[in-house]
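Protein chains in written order, with the numbering used here: chain A, 1 to 501; chain B, 1001 to 1501; chain C, 2001 to 2501; chain D, 3001 to 3501.
Treat each hint with caution, since some may be false.
[Claimed, not checked] Here are a few chain B residues that sit away from chain D, every Cβ distance over 10 Å (derived from the structure):
no., residue
1, Met1001
2, Asp1311
3, Lys1390
[Claimed, not checked] Quick partial rundown of chain B residues pointing at chain D, CB under 10 Å, derived from the structure:
no., residue
4, Asp1034
5, Tyr1035
6, Leu1036
7, Ile1063
8, Ile1067
9, Gly1071
10, Thr1116
11, Val1181
12, Pro1328
13, Ala1330
14, Lys1438
These aren't lab readings, by the way, just hints derived from the structure by calculation.
As the structure is a computational prediction, the values presented were derived from the model and not from experiment.
Think of the CB as a built atom: it goes at the ideal place given N, C-alpha and C, for glycine as much as any other residue.
Protein chains: 4
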Amino acid sequence: MKKIKVRKEGEATFNNNWKFCVGTGRLGLALQKDYLEHLKLAQQSIGFEYIRGHGLLHDDVGIYREIEVNGETQPFYNFTYIDRIFDSYLELGIRPFVEIGFMPELLASSEETVFTWKGNVTPPNDYNKWKDLIIAVVSHFIDRYGEEEVLKWPFEIWNEPNLVNFWKDANKTEYFKLYKVTAMAIKEVHPDIQVGGPAICGGSDEWIVEFLDFCQKEQVPVDFVSRHAYTSRPPSKVTPDYYYQELADHTKMLDEFKNVKEMIQTSPFPDLPFHITEYNTSYSPINPVHDTALNATYLARILSEGGDYVDSFSYWTFSDIFEERDVPRAQFHGGFGLIGMNEVPKPTFHLFSFFNKLGQERLYRDDDVIVTCKKDGAIALIAWNLVMEKGEGFEKELSFTIPLRDGDAFIKRQTVNEDYANPWRVWKEMGRPRFPSKEMVETLRQSAKPLIRTSHGESMNGELTIDITLSKNELTLIEITPVKDETDSYVGLDDSLITSY
Amino acid sequence: MKKIKVRKEGEATFNNNWKFCVGTGRLGLALQKDYLEHLKLAQQSIGFEYIRGHGLLHDDVGIYREIEVNGETQPFYNFTYIDRIFDSYLELGIRPFVEIGFMPELLASSEETVFTWKGNVTPPNDYNKWKDLIIAVVSHFIDRYGEEEVLKWPFEIWNEPNLVNFWKDANKTEYFKLYKVTAMAIKEVHPDIQVGGPAICGGSDEWIVEFLDFCQKEQVPVDFVSRHAYTSRPPSKVTPDYYYQELADHTKMLDEFKNVKEMIQTSPFPDLPFHITEYNTSYSPINPVHDTALNATYLARILSEGGDYVDSFSYWTFSDIFEERDVPRAQFHGGFGLIGMNEVPKPTFHLFSFFNKLGQERLYRDDDVIVTCKKDGAIALIAWNLVMEKGEGFEKELSFTIPLRDGDAFIKRQTVNEDYANPWRVWKEMGRPRFPSKEMVETLRQSAKPLIRTSHGESMNGELTIDITLSKNELTLIEITPVKDETDSYVGLDDSLITSY
Amino acid sequence: MKKIKVRKEGEATFNNNWKFCVGTGRLGLALQKDYLEHLKLAQQSIGFEYIRGHGLLHDDVGIYREIEVNGETQPFYNFTYIDRIFDSYLELGIRPFVEIGFMPELLASSEETVFTWKGNVTPPNDYNKWKDLIIAVVSHFIDRYGEEEVLKWPFEIWNEPNLVNFWKDANKTEYFKLYKVTAMAIKEVHPDIQVGGPAICGGSDEWIVEFLDFCQKEQVPVDFVSRHAYTSRPPSKVTPDYYYQELADHTKMLDEFKNVKEMIQTSPFPDLPFHITEYNTSYSPINPVHDTALNATYLARILSEGGDYVDSFSYWTFSDIFEERDVPRAQFHGGFGLIGMNEVPKPTFHLFSFFNKLGQERLYRDDDVIVTCKKDGAIALIAWNLVMEKGEGFEKELSFTIPLRDGDAFIKRQTVNEDYANPWRVWKEMGRPRFPSKEMVETLRQSAKPLIRTSHGESMNGELTIDITLSKNELTLIEITPVKDETDSYVGLDDSLITSY
Amino acid sequence: MKKIKVRKEGEATFNNNWKFCVGTGRLGLALQKDYLEHLKLAQQSIGFEYIRGHGLLHDDVGIYREIEVNGETQPFYNFTYIDRIFDSYLELGIRPFVEIGFMPELLASSEETVFTWKGNVTPPNDYNKWKDLIIAVVSHFIDRYGEEEVLKWPFEIWNEPNLVNFWKDANKTEYFKLYKVTAMAIKEVHPDIQVGGPAICGGSDEWIVEFLDFCQKEQVPVDFVSRHAYTSRPPSKVTPDYYYQELADHTKMLDEFKNVKEMIQTSPFPDLPFHITEYNTSYSPINPVHDTALNATYLARILSEGGDYVDSFSYWTFSDIFEERDVPRAQFHGGFGLIGMNEVPKPTFHLFSFFNKLGQERLYRDDDVIVTCKKDGAIALIAWNLVMEKGEGFEKELSFTIPLRDGDAFIKRQTVNEDYANPWRVWKEMGRPRFPSKEMVETLRQSAKPLIRTSHGESMNGELTIDITLSKNELTLIEITPVKDETDSYVGLDDSLITSY
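The shape of chain A in the complex, shown without the other chains (with noise of 0.2 Å):
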C-alpha cells in the first residue's frame, strides 16, 4: 500500500490549461442536431471555453462562391451557415478556436484532398483572392459579433502543413507564404486579433523554429505557437472497421510538451504562447482505444500536469459525430470522442468532468494521483491506476492521509473503471450492435455513469484518512467535505425503532 501524506498548504494553483479547448470534427457537422447536444452535455459537465475544428472554409459551409455579373466572375461570400454555427457555439457558451482551412474548391490550385469528406489542401489559385475572401470572413466576424468578442477567438492557419495528407507536398516554403498572406490579411481587419502557426503534427519540429525565424526575418505578425501531439505507434493492423495501435509511453507526451515549449523560449519570440491545438492517444477516428477506460487512465497524467508546460491542450474531439473516416458504422468505432454516437459518454468523458471537479490550489500530485483543495475547504482528490499489460490484477491500494479540520467528513467517490461508467463492455455483451435499438441506447446511458459510493469519515488531529483500492484502469474522484451535523436537531431522534434498523 502506497501512503500519500497531503500536506496543509498548497504547494501551487492548479493549472486549468486542460480546459481552454476541446476539438471537434469539421464545422459542417455543428449544423446537426445531435452534435449540437453532444456539445450542450460537454458543456454542462465540463465547460470548454474554446472549440478548434477543421472545416471553416470548406464547400459544406460553403463560405466561398463566385458568380458572374456582366461577364464577369466575381466572388460571392455566403455566410448563412457559419452565422448558424458560430451563433450555435455562443450560445453554449464556447468560442471559436479559429482554425483557417481547407480551400474551397473555386480557388484551389490542384485537386487533392484529405478525408473522406474531401477537403481540398492545396494553396490557393491565386493569394489575392484568398486574401480578399480571409478580409471578408473576418470583417463578416466582427460586423455580427462585435470587435470584443472576436478579439478573443485565436486564429489559426491550417492545419499540419507538415503532412502531405493535409498540405499539398508539406511544401515548407508554400505554408510560409500562406501564413504570411493570411496573418497579414488579419490583421488588416484588425492589428489586435490573435493570429498563429503552424499547427503542425509531431515528428517534424524544426518547422517550429524555422517557422519562428521566418516570422521575425519577414516581420510576420505571430501571436501563439501551435502543434499536435499524439502517441500511437505505427498500425500494427487495419481492417475496414478498426485500425490497431500500440501507445507509446504516456511520457512521450509531456516530453514533447517540454520540449517545443523550449524551442519557443530559445526563438526570436521567447514569450509566444504555446497551444497544443490536437492531442490524443492515438490520431486515428477508428481505433478502439478511444472507447475503452485506457483512453481515460493514460489521459489522467496529461491533465495533471500539461498545464505547467503548455498554454493550453485540447482534446481531439468531444464527439464521435464525425466523418473524416466516413459516417460512422457502429455504436462504438473507435471514434475521438468524449461522448459516443446516441450521446452516450466514454470513460475519457468522464476523465474531463473529474478534471472539472478540482479546486483551485494544488495540495499534492505524483504521477497516478493529484489532491487539491476547493475554496470552501473541501478536499477533492483524483486517482488513476493506468496498466497498459494484459491480464487480471494489478489493483493498486493508496492511503491517504488528508488535513482537514477536526470533526466529521462526507465523502463521496466516484469510479471509472473496466466495470463502471464502460459502456463498450455493455456493448460489446449486447453483441456489438452497429446501430442499437432505443431501449439499447437507454441501457448504454445508464451504465456510463460512475458508481457512486459515499461514507462518513472524521478527521482528528487535523487529519482524515482515507484508504482506497483501485481496479486496473480505474479513475476514481474522491471529495471529502467538511460536515455540518445537524443530527441533535432532531430532537428524540432514534433509528433503532425503525424496524431492521
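Since the structure of chain A is provided, determine the placement of chains B, C and D on it from the hints.
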C-alpha cells in the same frame, strides 16, 4: 442456495392492478411547480392511471363561496383552481380518482378539522346546498372535460368516516346520509358516473357490510367499494420530528384484501369492484420507515400478489410534497412519498419502476420472487430479500434456471439496497441537513439511482442459469434479452490488439 | 359586393387530402437542428401525415458502401444516419413517403448528377447489387420500426425519370427496368408494402399510360401512381440570385389533376390511388414568388378542391433549408419553403395552418371561398382574393349569410395579405439583409403572424351576416363560435363606472 | 397636429428606475407553477431587478413554528419553502426586496388579520422571540445565498403600518418599536444589510417625518425610506365581483413622489434613497381599470418621469395570480397583474416591455412622449394618448422630426389600444367566460400581442419626419433603425418580374 426453476409456459397473465392509482397530498398542492415535476417523474418511470387525494372541496381550492345579491346569499362556484389542477393531471396522462370532501367552511355544521391545513370534517349544515354544490361541480367537469372523459373517473364519497378525525363522531348514520345525498346528486348529473364508498380505514370492516346493506335497502347507487390498508402498529415513540412504529407482518395486508373481498362477495352486491384507495406500511407522514429500503422489500410482495385480490390498490403517496403534518421540516422526514423533497426518489420509487418493467405473462411467483416474460421474448424478474430483524448479514442466495432459446443473452441487473439507491443513508452521512444545498441535492439525486450491472450469459438446452446474492433488504430487477450477435460483421476484429486487452 | 348565402346542410365532407404529405429538401438535411425545428413548427400548426424528399440513397446519408474482405469487395450497409433521420420524423409525428433514389456513387453507371449536392442520376452499374441494396434497406426498416409501421409507408421509385436532369437520357425503358427490379425487391421483403411510380413531372403524361401498360404486361406490382405539378412558365430572367417566371392560371393545375386521374381510370388499373408527390407554383428554388402573399392566394383553390381529384398532393417543400441551388444565400431567396430561413413563416404557411382549422363538413364552396362546419357547431371559412395583375386596388367585398342558432356569436378573423404576415415585405424595408441579425430576425418573426381581429355578432332568425373586404391577394380565415354569455353572472356589473368607458 | 422637433443631442440619460422592482402577491404563491411561468415571461420581456411581496413570515410559508423539547417550548425555523421560493427568484434573475411581515400566528399578540389569506397584523407577543426569528431568518439567507448576494437585498420593515388593516390600531409608537427591534436584529447579523421603512401608504406623510426623527433620536439604523402611491378615489360602487373607482389626475402621483422626496431632503437623513415600494392606479385587486388600455396610457408618464424623483417605484403587481380578495373568480377580474390569468398579458404589460426598448440617452420628453437614442444610433420613442373622458373620438396627431443620418431607415411601430393587445375587449366579446376553455385562452393570447406595422423611411438633411395618429388611449412604441441597404448586391434584381408586383 434456493433453486428456482422457471417454467417455459406462463402460469397466468401478470396483473397490473398495482398501477391503477396512486395517492397524493391534498389537491391544492397540485398548483405547485415542484409537485408537478415530481408527478411528471413518476409518470415517466411508472405511469399510473389515476390519482386520488383529499381536499377537492377544501377552501384552498376555493370552489364553494357565497355572494350577496340584493341582500340575499347565493352560492358562487369558483373553478379557477380546480380547472388548473385537473388540466395538469390530464396533461401528465393521469386521471382523477375523485374523492368528495372535505366540507367547505361555509357549509360546515361545526368546527372540527383534520391536519395542519384544517380540513373540516363535519356534515353539511344544509344538505340542499351540499347537493347543489355536488351537482354544480360534476356538471362543470362534464362541461370542461366532456362526458366521455368524466365517465372514466370514479367518485368516492369522503375519506375514512369510521375515524373521528375524519368524520364528526365517526357517525355512521350521518355518513350513510351523506353518501346517499351525494351519490344521488352525482347520478342526477349523469347516471353512468361511477360512485362508491365507504373509504374506511381498517379496523371497522362491519361498515362495509352495513354500507352495502344500506345501499340495497335504500336503493342507493353504488358502483364500487373502497377501503384503506396500513400495516403499522401503534407508535412506540413520538417526537416533534418523527413517529416510530413497528410493522406487522406484510401478509396482514394481503389478508385484509382477501377478507374484505369475501365480505363483498357475500353481500347483496357480490360483483362490485373493490378498490384499496390508500395503502402503505405506516399511516404516519413522519415515519422514517417510508424512506428506507425495507419499505420497498416489505411492499414488493403486495405489488406482486395484491392484484389477484383487489381491483386496485393505491400507494399513499407519490411525493413528499405534502402538508398534513405541516410543511416538511427536513429533506428526509418520513414522508409517504415515492419521491422525496427536491425530487430525490426513494427506494420504494424503484419498487414501482421495476414492476413497471415486468412482462404481461407470469412464469413464476413465490413470496420473494416474480418472473415474467415480455412480448419480445425477454425475461424480466424481480427478487427481494425482506429482513425485518436488526443486524448485519441475512444474505440470500438464489439460483434461477430460466427458459430461453439457445444462444447468447444480455443480462441487466439493477439493485436497490442499503448501499445503492438509498439516498436516506447518504443524507445521514451528510449530517442530516434539513435544507440541503444545491450541491447536496445533486449528490442525493446521483445516489438515488439503482446500481446497474450487466453481463453476458449463454443459454444451452433451452436454459440459462443465473445465480444471485441478495443483501439484506435488497430489491433487484433482472432483465434477460436474447442477443443478436453482430460481432462477426466486424471484419478482422481483434480486441487483443488494443493496449491492455 | 358578392353575396354568399351558406346553406345549413353540409353539401359534402371536406376532403383533407392536402394534408397527407409535404415535401422536403434531401433527407441528409434532416440531421440539422434548424431543419427539425422548422418541421416541428409545421407539425404543430399543420400536422402533415407524410414527408417525401430525395436522397435516401445519396452518399451523404451514406447507406451504401463497400469493404474489402480477404481481397474481395462486399457491400456494407450503413444505417447510422437514416435511423437518426427516420427516428426524428416519427418523433415529430410524421411518416416517410419513401422515394427510392438517387444512385450511390459506388453503384452508379456513369457520372451525371443533379443539383449542387450532386445526386447521381444514372442507372445502377449492377442490378443485382442494386436489388440487394433495396432488400437490405427495406429489411432494416422492418427490423427497426416493425412491420405494422412500415406497411404504412408508400415506396415511390425514383424522381422525374422523364427529365434528363433526373434520369440519364430520360430513358423510359431503363426506368421501367429499374422500377421492376426495385418494386419486386421490395415485395420480396414484404408483399404488402405499397410501391408506385413513375413520379414524372408534367409534360410527358404518356409515361403514365405506358408505365401502367408495362406493369400489366410484365406483371410488375404497382400500388399507386405518382406525378408532379407546377404551374410556372419558362423563365423570363435568370440572375445569380433569382429565377423569374410568369405563372399560368391556377386552374391549369386542377386540370392536370383531373386529366391524369382519368388516364388512370381508363388504364388496366382503374382504381389505383393517385398521388401528386410534388406541386407548387414555380419549380425553381430561387423564384421569389414563393415568398409572396400571391403564392398563398394562388394555391388556396388547389387546397380547397384538389382533394376531390387526387388522393394526395404534397407541397414542395416545408422549409427553405434546402440545398438544390446551393446553401441559401439570403434570408429570402425564393425558396420553396413554407418556413423561411431563421424559422420565419411565409404567407403560404398560413394557407396551410388556416386550412387546418376547417371543419369536417363543407357547407359552401366556390372558386374563392370555402365554408365549413365543425363538430361543435362552430363555422370556419376561408376566403381569398387572388389578383395576378399589377397595381393597386382590386379590393373585393363579400357578404356572407351564415346559418347559426340565434344568439350571440364570437367572430375571429385572421388575415394574411401584403401588409400582414408578409415578412418578405418587411425584409425589403430592412434593405434585404442577406444574413440578418438576431434583432432583425425577431422583427421578421413578429411580423410573420396574421393580423387578428375579433368582434361580436348576433344571429337572428337562424342567420348571421358578415361583410368583409379583401385587399389584393388577401387570404382570410374567419371562425364563428356561438357564445355562451356569462355576463349576467357578474352581479352589479357596470362598465360605465370604469374611467373613460 | 402637434409638431415635435427632436434635438440631436441628448438632454439627459434616461432613468431606468421604473425597472428596479415589481410587486407580487404573497410569497407563498411563488411555489405555484403558473406564478413562476408568469414571472418568467415578465423577466424575458421586461427584466425587473427586484421583486417585493407580503407574507415572508406568514404561516403558509411556514418559517416560524414551535416544538416541545423536554416539556419546554422552543422555536423551530423551517426554511423548506422560503428556500424554494428564493431559489426560484434567483434562477429567474430577480432578487428579493424583502418585506418583513406579517406576524406568525404563534407570535401574534392578537387576532386581527388582513386579506382572505388572513395575514396577522398584530405586534409580536414577545419581542425577544421576534428578534430571534429575524436573526435566524437573515442568518439563514446568508448561509444559503452568501454574504455578497444578501447585501444586495433591501429589507423593508412591515407594510402600511399607517392603516388599521395592516397594523393593529395603526399604532405609530408600536411600529417604531417594531422597526427598531427588527432593524437592529438585522444589523446584528450583518451591519451592511440595508434596512428601511416605514412603507406607509399615502395620506399620512407625517409618518415619514416622525419616522426619520425617531431613527435619529434613537440612533436606529435606516438605509432607505419607502412609501406607496395609488391614485384612485373612494369607491363609487362595490359588487361581489368588482370595485369601481374614479381616478385622480395622474400628476397626483408624481406630486406625491416629489413632495415626499422633499420631506426626506429636509430631514436629518437628507441623502437617503427613496423607494416607492407599491404603486398603481387603483389599490383594489378587483378594479377593472387594471385590465384596460387606459391603465397603460395613464401610467406611461409615471414611467417616463418617475425615475427623476424617486430611486425606484414598484408596480403592484406582475401577475393576477394573487389571493388578497380570494382565488380569482374570472379570467379578467380587475386584478393588479401585468399578466392576467392563463398567462394573458394586459395592456400595461406592454407599457413595461415598450419602456424596456428605450435607449439610454433621452432626446426629448413631454407629458405624452418620450424619445431616446440607443447606443447603436437607433431611435426608440413611446407616445401615448391618455383620455379619461367617455365616448368615441379623441384621436391625436403627432408629427415627429427625428435627427438621423441621411439615408434609408426602417420604422417599426407597435400599438396597444382599444383594438389591439386588448384581450379584455376580446374576452367581453366572448361573453366574459369566467373559466375559459383552452381554445378561448389561445385566442386571448393571440389577441394580446401589439399590432406591428413596419415601413421604410428616408432621412434627408439629417432629419426624418414621421407622422402618426394615436387613437383614444393608444400607446405606441416606434423604433427607427438606419438601414444598411444590401439591395444592390442582388445582381439583376427585378421585383417587377414577379407576378402581380
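Hint-by-hint comparison with the structure:
Its beta-carbon lying about 47 Å from the closest one in chain D, methionine 1001 of chain B satisfies the requirement of being farther than 10 Å from that chain. Distance check on aspartate 1311 of chain B: its Cβ is at least 33 Å (rounded) from any Cβ of chain D, clearing the 10 Å threshold; non-interface status holds. Once the 10 Å rule is applied to beta carbons, lysine 1390 of chain B is consistent with being away from chain D; the minimum gap is 27 Å. Interface restraint check: aspartate 1034 of chain B against chain D, minimum CB-CB distance 7 Å, threshold 10 Å, status holds.
Using the Cβ-Cβ criterion of 10 Å, the hint placing tyrosine 1035 of chain B at the interface with chain D is satisfied: the shortest such distance is roughly 8 Å. Interface hint at leucine 1036 of chain B: satisfied, since its Cβ lies 5 Å from the closest Cβ of chain D, which is below the 10 Å cut-off. About 9 Å separates the beta-carbon of isoleucine 1063 of chain B from the nearest beta-carbon of chain D, less than 10 Å, and the hint is met. Of the supplied interface hints, the one on isoleucine 1067 of chain B holds, with its beta-carbon coming within about 4 Å of a beta-carbon of chain D, less than 10 Å.
Here the hint on glycine 1071 of chain B is broken, as its CB sits about 12 Å from the closest CB of chain D, past 10 Å. For threonine 1116 of chain B, the shortest C-beta to C-beta distance to chain D is roughly 9 Å, which falls under 10 Å, so the interface hint holds. Proximity of valine 1181 of chain B to chain D is violated relative to the hint, the smallest CB-CB distance being about 26 Å (cut-off 10 Å). Evaluation of the proline 1328 of chain B hint against chain D yields a held restraint, the C-beta minimum of about 6 Å falling below 10 Å.
Interface hint at alanine 1330 of chain B: satisfied, since its Cβ lies 8 Å from the closest Cβ of chain D, which is below the 10 Å cut-off. Annotation: lysine 1438 of chain B was flagged as interfacial toward chain D, and the flag holds, the nearest CB pair being 8 Å apart, inside 10 Å.
Checked against the numbered hints given earlier, the structure breaks hints 9 and 11 and satisfies all the rest.
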